[in-house]
Every structure is written in C-alpha cells, then in structure tokens.
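Each chain, written out:
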Amino acid sequence: MGNSEDLSEGLTVRLFASLREQAGWSERIWPIPCDSSSTPADLWSSLGLGQGPMPSSIRIAVNQHFAAANQPLHRGDEVAFMPPISGG
Amino acid sequence: MGNSEDLSEGLTVRLFASLREQAGWSERIWPIPCDSSSTPADLWSSLGLGQGPMPSSIRIAVNQHFAAANQPLHRGDEVAFMPPISGG
Amino acid sequence: MTGAIAKPGAWIQVVLETESLRPLIALERWQQHLALQYGTLPAAECTFVGRVRGTNAHGKALEHLELEHYPGMTKAHLEQLAISSAESHAVRAVVVHHRVGLIAPGEAIVLVAVAADRRGPAQRCCQELLEALKHNAPFWKREWCGGVGTWIEGNTPW
Amino acid sequence: MTGAIAKPGAWIQVVLETESLRPLIALERWQQHLALQYGTLPAAECTFVGRVRGTNAHGKALEHLELEHYPGMTKAHLEQLAISSAESHAVRAVVVHHRVGLIAPGEAIVLVAVAADRRGPAQRCCQELLEALKHNAPFWKREWCGGVGTWIEGNTPW
Numbered sequence: 033m034g035n036s037e038d039l040s041e042g043l044t045v046r047l048f049a050s051l052r053e054q055a056g057w058s059e060r061i062w063p064i065p066c067d068s069s070s071t072p073a074d075l076w077s078s079l080g081l082g083q084g085p086m087p088s089s090i091r092i093a094v095n096q097h098f099a100a101a102n103q104p105l106h107r108g109d110e111v112a113f114m115p116p117i118s119g120g
Numbered sequence: 033m034g035n036s037e038d039l040s041e042g043l044t045v046r047l048f049a050s051l052r053e054q055a056g057w058s059e060r061i062w063p064i065p066c067d068s069s070s071t072p073a074d075l076w077s078s079l080g081l082g083q084g085p086m087p088s089s090i091r092i093a094v095n096q097h098f099a100a101a102n103q104p105l106h107r108g109d110e111v112a113f114m115p116p117i118s119g120g
Numbered sequence: 005m006t007g008a009i010a011k012p013g014a015w016i017q018v019v020l021e022t023e024s025l026r027p028l029i030a031l032e033r034w035q036q037h038l039a040l041q042y043g044t045l046p047a048a049e050c051t052f053v054g055r056v057r058g059t060n061a062h063g064k065a066l067e068h069l070e071l072e073h074y075p076g077m078t079k080a081h082l083e084q085l086a087i088s089s090a091e092s093h094a095v096r097a098v099v100v101h102h103r104v105g106l107i108a109p110g111e112a113i114v115l116v117a118v119a120a121d122r123r124g125p126a127q128r129c130c131q132e133l134l135e136a137l138k139h140n141a142p143f144w145k146r147e148w149c150g151g152v153g154t155w156i157e158g159n160t161p162w
Numbered sequence: 005m006t007g008a009i010a011k012p013g014a015w016i017q018v019v020l021e022t023e024s025l026r027p028l029i030a031l032e033r034w035q036q037h038l039a040l041q042y043g044t045l046p047a048a049e050c051t052f053v054g055r056v057r058g059t060n061a062h063g064k065a066l067e068h069l070e071l072e073h074y075p076g077m078t079k080a081h082l083e084q085l086a087i088s089s090a091e092s093h094a095v096r097a098v099v100v101h102h103r104v105g106l107i108a109p110g111e112a113i114v115l116v117a118v119a120a121d122r123r124g125p126a127q128r129c130c131q132e133l134l135e136a137l138k139h140n141a142p143f144w145k146r147e148w149c150g151g152v153g154t155w156i157e158g159n160t161p162w
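Residue numbers (the numbering used here), protein chains in the order written: chain W, 33 to 120; chain G, 33 to 120; chain V, 5 to 162; chain F, 5 to 162.
Simulated from the structure, these hints should not be mistaken for laboratory data.
Positions of the beta carbon are idealized from the N, C-alpha and C atoms, including for glycine.
Hints are not guaranteed to be accurate.
What the hints assert, rightly or not - Pairwise CB distance ranges, derived in the manner of DEER restraints:
hint	chain 1	residue 1	chain 2	residue 2	range
1	F	41	G	108	52 to 58 Å
2	F	64	V	60	51 to 57 Å
3	F	32	V	64	28 to 34 Å
Construct all of the structure, not just a fragment, from the sequences and the given hints.
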C-alpha cells in the first residue's frame, strides 16, 4: 500500500450504513495508480467490497456529489459507496 | 300573500351574499300552493329574483342540503339560493 | 362553534372560527388529542394553511376579506366533506378550521390537516378536501378595497 | 447545524437536527422569519411531517429508528433538492428539518414546509421535495427491535 496514508497520493474511500458494517471499516485512504484512469467501479473491485461487479443499487458520490460508476477518479478525491437510500 | 307568515303554510326562503344584497332581503316566508308541486326553479321565478330562468351558476339547498332546481318542495321546507361558492 | 365526530375509521373535527384562526395552536391541540387517542402520533401528517392575500386580483391593496357562511349548513356540510375524504383515503384523522367574518391580510382563513399511516393518503386527502371545501362548502368571499366591498365568485386556479 | 440561503426567488432553509425535531416550534420560527421578510405571510402554506412508526413492516414493536447520514454531503444535497423544487414551482420559501441519530416511535423524522402565492405550487413543491429527499438524499434507516438493528433499504410506497 506504500503511500496510502498520504492523501495527495491517493483517494479517500468512505462507506455508509450496511456497506460499512459488512466491510468493517468506514473510511480508508487508497492508492491510485499514477498512469491509469481509475473509476469507482474499478475501486469497488480493488477494495473487495463484494463478489463480482458492483450491484446497480449502490450509489456513488465523488467529492460529495452523486457520480456515475465510470467517472474518472483523481488523486485527492473522496469516493463514497452508499447502499440504497431511505430518508424522510 | 295571505298566510305567508305562517311557517306551516309556506316555505322559508334564504338568500346569501350578492343575491341577498341584490334582492334587499335575506329571509322570507313564502306561500306554497296547496295543489301543485312547486320547485326551486318555480320559486326563483315567483320571487322575481332575476330576469328569465335561474342561472345555472346558482346553487340551491333544501333543508340545508344541496338540491336540484327541479326538486319538489313541501310546506315547511327551508330553500336557499346561493351565488357561486368561494371558500378556503 | 366546535365539533368532533367519532368514527370507527377516522376522527373528524370541524371548527368555524369567528374571531381568529391560529393554525399552530390549533394543530398543537389536535396533535395532543391524537396522541391521547392513538398512543403515538400517526406516521404521516399533511397540512395546508390558506391566508388572506395583501392585494386583490387587480393588484389593489386589500383592507379586509369578508367570509359569509350559511349558519347550520356550512359546518354540517364541511363535516360531510371531511368524512367522505377521510373514508375514501382511509386516513386516521382530519381537522378543518375555517374563519368566517372579517379577516385581515396575512391572517389564516383555512387550516386543513390530515393524519394517516402513509404519506400518500395524507397528501391526497388533504389536497382533495381543500378543493372540495373551496368549491362545495357554502362560503362567500367579499373583498374590501378603499371602503368598497366586492363579492368574489369562484376561486383562484389550482 | 442550521443553514439559510438567500435566493432572488425563494428563501431556502435546511436544518439537520441531532437532538430533537419539534415541527410546530420550527414552523413558528420559520413563519416569524417569513413575516419579517415578506411583510404578510404568503397565501398558501403546505406542510408535511413524517414520524417514526410504532411497529416495523412485520408488525414487531419498534424500539428506535436510527438515521445515519453523510456529514457534509447530506445537508448540501438537501439544499440543492430544495432549491431545485422551489425554482421549478416558483414558490416563496422552503424549509426542511430532518432528524439524524436515534429517534423514538411517534417522534418527528422530517418536516417539509413550503410557502407560495397559490395552493397548487405549494402542494406540488412540498410533495415533490418529500419524494426527492426520500429517494435521493443520503440517509439510511436502521430499525431497532428487541435489541437487534436492521438496515432498511428503500421507502414505503407513496
């Protein structure tokens, strides 16, 4: 994981609700490869958050705005994976 | 008008809002012929409340329930003529 | 002029207010009664408050709105409309407060509140009952501008 | 956690409540601000209050509902939803109070209130914003029954 504690070199990953409890952690710094354009879908697989591809029910936020699973990620981004919403 | 002041022999007629002000009265006892079946539409004409037949925008209540213009009236009934409603 | 009808399905209350209508105080009392009746308050509550505008349809400053009603019929008919809406949407409780007499701009004319187990029935019942009372309850509005009163026929569009 | 955004078109206020949400007190304060801002209160006000049910979907007694949120994102996103609804219905003001944390049965989870010049926009905006926040604002519910917590995915149907 090398520089994974250095924010400028990686991503901040946040999990919420059932996803957080299944994974056993809520926030993690994760390295981003220098020469590739990583996406939330790639990140989901790398983190081992579930078997197979990311379920379509999972919502993604990048820098606290909803984003698509194929949005390119950049160093310093905050990426959140969220189970289905139940507010109000 | 003969027995028009005797409730048992006639109808109570009530007018509201603009109808009341145009007519210059709000409540009146009106005789009902013994041998005919009078209706609110007949009553409207007899009372001289307007020229020609009763406008369709006028609402009628008989004994404080909405009623049709051709509902037969009986002695002792309370008949109300009401301009278009504007509540709430 | 207050009234409450206990129904197997819904608790209906209709009040004609001659002096003033204070919606939040009316709601507080209604919620207290509801909490006593149901233990906990129902999951969904939808409320509408209508107030007197500051100007008439022609933009002239309004001094007062006057609300005439049909004593005897108006309250009974409002109760019928409330019972009918409550039954068709299967809600828990409906309260209607309606002013009569002279009302100043900004003051409340009408309060409709509906408590139900789900938000859809609460919202639909509140909306339907408001339209019903605007078009079918015996009330007549007169606007007073510059000392002149003008009867208003019909309502603003939804 | 309180916030107000002055807009040319509408006054938007979103509050996340960590301790308690008292809808009538929140509404009283909001109306006081509105009266100061507009002189007289707008003609139409539509309000929705959602409360914790006493039982879960399987009829078991609920001890608490727990509301998790995304600090930073949730409030900002609620503000965006409120601004968007307020603009599309051209209303005067929108207020949203939403609880987070542990909430007891009967307590309020959410308050949405909309003030507008006409009843239709007030009702439509209130209804649309409630659906938007139920399905699109980052909140997650966990029901606690018999000491066991269960995450709830999705909402009850409208």
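The hints, checked one at a time:
1. 41(F) to 108(G): 52 to 58 Å: With a Cβ separation near 56 Å, residue 41(F) and residue 108(G) satisfy 52 to 58 Å, so the hint holds.
2. 64(F) to 60(V): 51 to 57 Å: With a Cβ separation near 56 Å, residue 64(F) and residue 60(V) satisfy 51 to 57 Å, so the hint holds.
3. 32(F) to 64(V): 28 to 34 Å: holds, 31 Å
Checked against the numbered hints given earlier, the structure satisfies every one of them.
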